[in-house]
Each structure stands twice: as structure tokens, then as C-alpha cells.
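Protein chains: 2
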Amino acid sequence: MINEHYRRMLEGRSVIRAISERATARRAEIGERNVFDFSLGNPSVPTTPGFTEAMLDLYEHEPAVKLHSYSPSIGLPEFREAVAHSLNRRFGMDYTANHIYPTSGATAALAHAFRAVTAPGSEIITFAPFFPEYKPYSEAAGLKLTVLPCNPDDFQIDFDALEQAMNANVQAVLINTPNNPSGVVYSAATLKRLGELLEAKQRYYGHSIFLISDEPYREITFDGIEQPYPSKFYANTLSCYSFSKSLSLPGERIGYVAVNPAADESDIFIPLFTQISRATGHNCPSSSIQRACARVIDQTADLAVYERNMDLLYTALHELGFEVVRPGGTFYIFPKALEDDAVAFCEKAMDYDLFMVPGDSFGMPGYVRLAYCLDTSKVEAAIPVLKRFVTEQYMQ
Amino acid sequence: MINEHYRRMLEGRSVIRAISERATARRAEIGERNVFDFSLGNPSVPTTPGFTEAMLDLYEHEPAVKLHSYSPSIGLPEFREAVAHSLNRRFGMDYTANHIYPTSGATAALAHAFRAVTAPGSEIITFAPFFPEYKPYSEAAGLKLTVLPCNPDDFQIDFDALEQAMNANVQAVLINTPNNPSGVVYSAATLKRLGELLEAKQRYYGHSIFLISDEPYREITFDGIEQPYPSKFYANTLSCYSFSKSLSLPGERIGYVAVNPAADESDIFIPLFTQISRATGHNCPSSSIQRACARVIDQTADLAVYERNMDLLYTALHELGFEVVRPGGTFYIFPKALEDDAVAFCEKAMDYDLFMVPGDSFGMPGYVRLAYCLDTSKVEAAIPVLKRFVTEQYMQ
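Note that the protein sequences, when read in sequence, are chains G and E. Note that this note's numbering has the first sequence beginning at 271, numbered continuously upward. Note that this note's numbering has the second sequence beginning at 271, numbered continuously upward.
Hints in this document: simulated from the structure, not taken from any laboratory. Mixed in with the good hints there might be a few duds.
It does not matter which identical chain is used: a pair holds within one copy or between any two.
In silico SDA-like cross-links for lysine to any residue, where the CA-CA straight-line distance does not exceed 25 Å [as the list claims (entries may be wrong)]:
no.: 1; residue 1: Lys336; residue 2: Ser284
no.: 2; residue 1: Lys336; residue 2: Arg277
no.: 3; residue 1: Lys405; residue 2: Asp611
no.: 4; residue 1: Lys471; residue 2: Glu274
Using the sequences provided together with the hints, build the complete structure.
Now the structure itself:
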């Protein structure tokens, strides 16, 4: 018989997807150029030519049996080594291949990280605003997800709230920096303080507390600032990554978990992940794509468009009187709506064919998310429409 | 803290993998040509040139943003349509794209099928000999896996055993034809009787009972006989497939679940599968590989080597006095060992550098599995060694 648990999940439709579908329907009615769709976080730039060249080379020159054979259940050595070396070079870590587990994107990376360091019934803490899928991911692992407020003036962690919320049942803290939807980049000061707080709590409660760091936007940062590497600040860290954004490969579904070598029992994680894969039905990402990624491990797509778009939107929103924090990275911006009810605000914007997502889904009602992974010309064209919308609806 | 459930799973090592590792170690000692490794089911033939050409064409000519963009969570329409049309043409079904869900290989297909039609605590029935991973897959979905004996003279289903085992808690029956490890192809008569039995049990118990059909070897059949399509014989069937074997793409991890359009609530399955994916952290297979597979949907690698190898091994085993059923498909053969203890039999064989897997892992102690996805020259070279082993150990 049909499983009732999953049947009930069908009722909780994704708001983001629903708005995106309305934008798509509207495009069919009035044409692409008249619709300003800021709903979806789908990378808008092509992958690096190096990736395409690597795939062509592999398909032209590698013997097919070798290229497409089963990778070991822990992934291909060359991929795992390339990731380890790259993270070591960039962030001064000391990973080996034995700390890297390839996954089908960040979703699978998080599914493995959650299950490795928690048990059903434990609590996991994250911070608003947060990626809405953290809820079903936590529920599926049997976890209680506690969402704490951030400092709304800069979206950094509210440490008083964290201090108060910690209890013996908290097994993991989940962060996402650069953050979807706020665009905040956690500073070294934030990460240092977080690491110190978790160290103290580990000692106090007498058990490990893991930091699960979701980092798909790691390479998209602005104003010349880089994302400090969270694992550098706290030994018990699992870094979850996807190449979807940095290499503009969202459909290819490749990512990894990197286990800090200084973590408790760090050597057990890769074997443990293979058992989690057996349980969830996960498979290693495609062998050929693992190999191509290994060859271009330090490359990215040309990500400069996101900073140009951020600048345009931030300036426009600021001038229009929005309360808005300048994003440090990602391709999102998260201003406060011009009325308390962000759902109503977004509904009114849709009358102008402006599609944004209310912050309610991200755990911050009253805010709205704009995804600006778009051609800059589209952002430029949207700004006068945004001005008209704000003027007509909120300034008269 | 480290999850104790997965930690305990680490103790249950795969016997197949352990034997394969011994073979690998031995190769390093005495050289590839002196080791006869029948342990692993890793396809030995290259993929069809059509697949390579399709990938090269996509990477050369498709715009990268389009090629690598997120596929919808239900998969790419062109892949789902290609699968539906192909199954309709070949088996007289009437699938549409809305009955096809792309998965990362058969493992993920089974993970989705299990969770869709059972609830934790239900019972699922399968038949020995069976693929050992069915155990952890069932346990992870919270199911009780009941393994029934087959008819040992032909490996078809023992219907008396099935009739007796059915009870109100059985939500699904799991079959694997062509079968790993026996090589049996369930006949139309077997599938018809199975369908009738399940129909009757559905009426008797007043609820749906689903047939989950694991079919990665569907295209590898011998003696001019084709595998009758199980879903044709029973409406409540979920067909789980992987292109690993037919297209020799095991490392690319692409497969699907096909939902019989006549199944109860057949329209709910694809949305339900997306919820299961959210819960397990599953992602659609790679977009580019979905597209290439769609283009070569009716092609296979050159699979004739498996039949040649089967013929050689079957004849040799038969002549050496083994009780052995001639496989109808796959690249496995499953003779009875020459002593009651198949583990001891395989240990002795390893002294001759012959690597086989005892049937104990497959739920049939006393038998052994030989995987002959090897060059025919390797099988030919192994036969005199097999003869020497049998003569010296069991005929003196």
C-alpha cells in the first residue's frame, strides 16, 4: 500500500517551486522579456571550458571499459586526492583522500553527514534564514531541527541565542556560509567564536558536537573577500560541498563530504558513509564526471556576473528605501519587505511580473529572497519595474 | 557522536568484496594471467559506440548552461519519454513519461520502490538465491525480509512455499530475473502463476501487494530466449532497472523505476518518489548522461561474450560432475559445490587461484557463484585449472 508518510509529504509543496512555475506560466503568456524571475537559484553561466575539454578528452581517449567501470564504493582515488590537495593548498588543511567522500551533490553530502553524527531523536541547530530543505532532510534522519534567529543587522550568528539553546541532546550544528538566502559570509570572528563555543559545550556535555558546514557557494564571494574555511576553526567539522555553483554543473550532481582529519574518530567516517549509502540507496557520482572534476579541481566558471548583478540590485534596493544587508556572496539578496506580510508583498510584485520568494519559507517572515543568477541585462531591465512597483504600491 | 547503527553495520563486511580483494592481492603477487577471478559482477565489455558518440556530440554541440542545468526533480522529459516508448515497443506496455522515474542506478530504484509501497514494520518476500544487498536495503526501509526457497532443480519459484508464507503483513514481493546469482530466467508460466497468486492474495487480504521487479540483467539472456516482462503479468508492478549491464555503464549510475500504468494509484508514484528522494538525499542521475542514454535507449553493448563464456563454463562444470542448472541469462552460474560446506570448497579453490563466492551470502549454502564477465580467453584458461582443482581435491 502507498506509504502514508510520503503521501503526507506531498502536501508540503515547495513555495519556491510554486512561484517559479507561476513565472514560467507567465513567460508563456507574455514572453520571456517581460517577466522578471528572481525565484530560482539555477546558475546562469556556462561551466569552465576546462570541464568540457576534460570530458571530451576522457570520452575520446579513455578505453570505455575503464572509464565507465564501477568506482570503489568510496569513490575514485584521483577525485578524492584532487579534492584533498586542493583544500589543503587553499585552506592550509591536511586532508588525505581518506577524508573525502564523493556524493551526488550537496543534498547527498548533507544526508550522509546528518546520519553519521546523529541518531534519531537528537537535535540539530541551524540559524535563520535557512535553506528550506533542511527541514525534510532533518526529519528524514529522525532529527529535531531547531532554528535560531540571527543578528538581523548583519545576518551573523546570534551567540546569545545559541548559548541558551544548547543542551545535552544537541549533536550537531548546521551552518551555510555563504548563505542562501541572506548572502552573508560568516566572518573569521564569527567562525572563531562558534568554534570556541562548541569546544566549551563539548567539554561541558562530555560528548562530541559536530559542525556540519554546507558550502555550495564557497567560491561565490564579493568585494574581494574570501569565505574563511569553517573547518579551520573547529576540528569536529564535516564540510559538505557541491560543484553545482562553482563549476556551474547543477545537473551533473557531484559533490563531497570532507572530514576534518582532527575530528574525533576521523578515520571511521569514510567506511561509515559507505554504510549510510547502502541504507539510503545512494551511489557514487558518475565515474566520468568524477574524473573530469578532478582535472579542473581549482577552476571555476566565470562567476563575476553574480557580483555585477548584486551591485546593481543592492544599489537599487537601497535607493528605494529597503532595509537590506549587502551580500558577501552567493547569488541571493534578502531585503526586508515593505510591509509586514512578505507573502502579500510578493503577491503584489507578481502583478508587475516580478517574481520573488517570501522569507517565510526561509524561517524569516517579513523578508524576501531575490535570486540574481541571471544575465545582467535582465537585472538592468528589472530595476525600473521594481521602482514602479514600489512607487505605485508603497509610496502613494 | 558517531551513529551506533551504522557503526555496527561496518562489522557485516561483504563476502564478495573480501574475496575480490584476495584475488586482487594475489594478482599483485603472481600476475594477472595466473589468477582466475570469478568473484565480481563487473561488466567486461565496452559500452556501445553510440553512447560515446552521443556524449561527444552533447559536449561538443550543446550550450553548456542548457546541458548541465538542473533537471526537474522528476528527471528530464526526453529520458523519461525514451524509456516509456522503448518499454512500450518491446513489451506492449502503455507507459507514458509520467510512469518513469530516473534513479542513480538500480540501488536507488529499489530504495524508492521499497519505500513507496511499504511502511516500516511490513514484510517483504524474496526468493533464494538472492542478491545479498537486499538485506541491508530492506532493513534500512524498516522491513522484515523473508527469504523463501526456490525449486533447486530449475531455480523457478516454489509456489507452495510462497502460498504458505503469505500473510496480511506482506506488502511486497521482490523478484530478480534474470537472477543474480543463479542465472535463472523466470518463465512466462512462472510469472503468470505469480501474478495470479498475488491477485488472489490482494483480494483475500483486501489491500494492494506490490511486485518489485529488479531487472538489471533484462537484456542478457541466452539460447535465443528473451526475458518475459514481469509487469506484463501483474498490474501492481514496479520495474527497477539499471543501464549498468546492458550498456556497460556501471560507474555512470543510471537507472529508473517504471510504474505499471494499471497499478493502484499509479499517478501518485512519481510525485511520491520525489518525496522519497528528498528524504534519502537522492538526486536525479547526471543530466548529460540521461540525455545520452535517451539517444541510445534501444542499444546494448555487445553482450555475446557472456553467452560464449556461459557455454564454456556450463559444459566444463557439467562434465566435471557438478550439479548445475544451465543459466538462461546474466553473467553468473551457480553450481552446487562438491562438498556440503561451500565456504570450505571456495577456500580450497583459492589454493588454485580460482576465486568464487560461496552461496551462503546468497541464501543458498552449499552452492557457489561464478561471475564470468571476463574475456573468453580467461575462461578458457581457467577450465584446466578448475579440472585440476576438482580432480586433486574431490576425485582421489
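We went through each hint and held it up to the structure:
Taking the shortest alpha-carbon separations for lysine 336 and serine 284, only the inter-copy value of 23 Å comes in at or below 25 Å, while the best intra-copy value is 41 Å. In this homomeric assembly, lysine 336 and arginine 277 never come within 25 Å of each other (Cα to Cα): the closest approach is 42 Å inside a single copy and 32 Å across copies. Taking the closest pair of Cα atoms, lysine 405 and aspartate 611 come within 25 Å of each other only inside a single copy of the chain (22 Å); across copies the shortest separation is 50 Å, beyond that limit. Taking the closest pair of Cα atoms, lysine 471 and glutamate 274 come within 25 Å of each other only across two copies (22 Å); inside a single copy the shortest separation is 39 Å, beyond that limit.
The structure does not agree with numbered hint 2 stated previously, though it agrees with all others.
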